[in-house]
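Given the structure of chain A, go ahead and fit chain B onto it with the hints provided.
Heads up: the sequence lines are chains A and B, in that order.
The numbering used here applies: residue 436 is where the first sequence begins, and numbers increase by one.
The numbering used here applies: residue 436 is where the second sequence begins, and numbers increase by one.
Among the clues, some could well be false.
No copy labels: a pair is met if it fits in one copy or bridges any two.
Heads up, simulated DSSO-like pairs for lysine-lysine below, C-alpha to C-alpha not over 30 Å straight-line [claimed, not checked]:
#1 LYS728 - LYS689
#2 LYS720 - LYS517
#3 LYS777 - LYS746
#4 LYS728 - LYS565
#5 LYS565 - LYS451
#6 LYS517 - LYS666
#7 LYS777 - LYS689
#8 LYS720 - LYS503
#9 LYS517 - LYS657
Hint data in this document are derived by calculation from the structure and do not stem from the laboratory.
Keep in mind the model is a prediction, meaning the values are calculated, not measured.
There are 2 protein chains.
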Amino acid sequence: MTTSKSEIKETSSFEKTFAGKRVLITGGLGFIGSNIAHALVEMGAEVTVLDALLPLYGGNEFNVADIKNKIKVVIGDIRDEKIVNEVVAGQDFIFNLAAQVSYIDSINEPFLDLDINCLGHLRVLEAARKFAPQTKILFSSSRLAYGRIMTTPVDESHPTNPVSMYGVHKLTAEKYYRIYFETYGLKSAVIRIPNPYGPRQQMKHNKYSIVGWFIRQALEGKDITIFGDGKQERDYLYIDDIVSAFLKVASSDKTNGEIYNIGTHERVCFVDMVDAILAEISTGKKTHIPWPKNYERNETGNYIADTRKIKRAVGWEATVSLKSGITETVEYFKDNKEQYWK
Amino acid sequence: MTTSKSEIKETSSFEKTFAGKRVLITGGLGFIGSNIAHALVEMGAEVTVLDALLPLYGGNEFNVADIKNKIKVVIGDIRDEKIVNEVVAGQDFIFNLAAQVSYIDSINEPFLDLDINCLGHLRVLEAARKFAPQTKILFSSSRLAYGRIMTTPVDESHPTNPVSMYGVHKLTAEKYYRIYFETYGLKSAVIRIPNPYGPRQQMKHNKYSIVGWFIRQALEGKDITIFGDGKQERDYLYIDDIVSAFLKVASSDKTNGEIYNIGTHERVCFVDMVDAILAEISTGKKTHIPWPKNYERNETGNYIADTRKIKRAVGWEATVSLKSGITETVEYFKDNKEQYWK
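Next comes chain A alone, as it looks inside the complex (with noise of 0.2 Å):
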């Protein structure tokens, strides 16, 4: 890849931004905080990850294996107040990513999710507000917190009606957040994620990260299977552009308060998706079922991400196309499927 002047220039101010702070990441050992931390690292941030390790979620101390010596891992739960507040105390910036992460277990387990996406994200927040009254503090919510989409592209004022408790708690801490920085004036913003893929997601079950999912069947010669015609549009983002979203968002003041769409304004349907892994991996096939009853009540409709307040903001715009993005995510799961099958 070649690197443009506006490039180099971007870069430089991030090291200036965080370069020698102090940097909590919660969930950082899972898919999107682990790739934060990476890019973190490199800038000569002073990294700590707080990580619960849940069995079923994304936590995979393999995501940090290589920069391991380069930060500092507190094995640990957002709901636990002693442990948050000695982490939270004194950092710089927060990338609060910690979660329960599928809807589906959240209707299931409600109160589960009340507990982790709801309380959990209280609690760092208290802790920021008494104890680094002056960081900067990003809060990962989702697209599902607009529910059923009314028109497309989606952009932040669009109605937001979920149809999952996994929706609704991530709504209700968007607006913790805003909140804490209206009435203690805490520094924050919201980034609501579409649809996440690319390396260190996990991989052990399909509740959740679908495109890594289905990288790992079509690698195991199963077949992906796609709910009816699979025509439903989805905005699927590579990670790096979320890592950039993150940081810009972060290293801007004008970003306070805030709630700001990602997406990659690519029309891509579900089976294009599959088709786009299938290209990369030959031994893959697909096949079409019916839908699920459980799944199709939710089912959002077509989603496409309106991102021009963030372009404004902070000058961001997804950068990887979807081909790239999923061979870069192939070849990398082709080297490491040990670390993540299990």
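Below, chain B alone, put in the same frame as chain A:
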């Protein structure tokens, strides 16, 4: 008060809906709950009241003293799974009014507010889904779910950006009720209450139910303190109108999964409400002081409800003017002050 033919017709239609029916009222020793209990006893319903009698809230055994032999009272908390499952089982209607009620306290004690106003309501919904799947369940939300008001009158599609944790958690619970309707077919409806007042309101402190508190100040010959010029517009709704809204919405299946504003259409300023009290209680006086900092931050701007949706759905409209509502309320508290001052 004269009774028109249409009012008689309404009353008999309600009697048909609730006569002989099993009804649970959580928070049923509080202001709105106990008033609904009185109406339902009159209509021949089999009423169970669940109330935790938490010290700072509105629960007051005197509120049902005159009907205590006609209802079943259970002292217990909506967060208690065992009690909730027991009292919910087999109910035909549930009025879920138990709550942490102070938006001021919700900022100082966000975990308590989360616990009662989200987890507690989730407990009741889970119990209803499992043990009373045919029930109709109503939730008392608040105008504070809207947060800062952008345009008046406020209809149900107005943006919802609460400025207090209380408002956030009311909004969260609203979304639970809709999801339980959409996912499980549990018949639910939500009512957004503006500023309620009337007999049986708590009078122990001034953290909420400001009309009641001012009546107490006036009856005790103390100054009524107004922040700023008191020109902010509010929608003060008398309890009889609130009770009829809950009963009408509960008795129609058209309301399932819906949210309704209620309000008066009267454009009343805060200071007009004070003057209405002083017109009844000649010993009272008013005085203006500057806005305290914490309160101004939570001032949402003028609020007047657009109530066309509930009128279209079930024909509800407010019928009691501020003047006659205040007269009734003052009368009640003059007669019963020793039961509410403590």
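Failing hints, ascending? As far as the earlier hints go, 2, 3, 6, 7, 8, 9 are violated by this structure, in ascending order.
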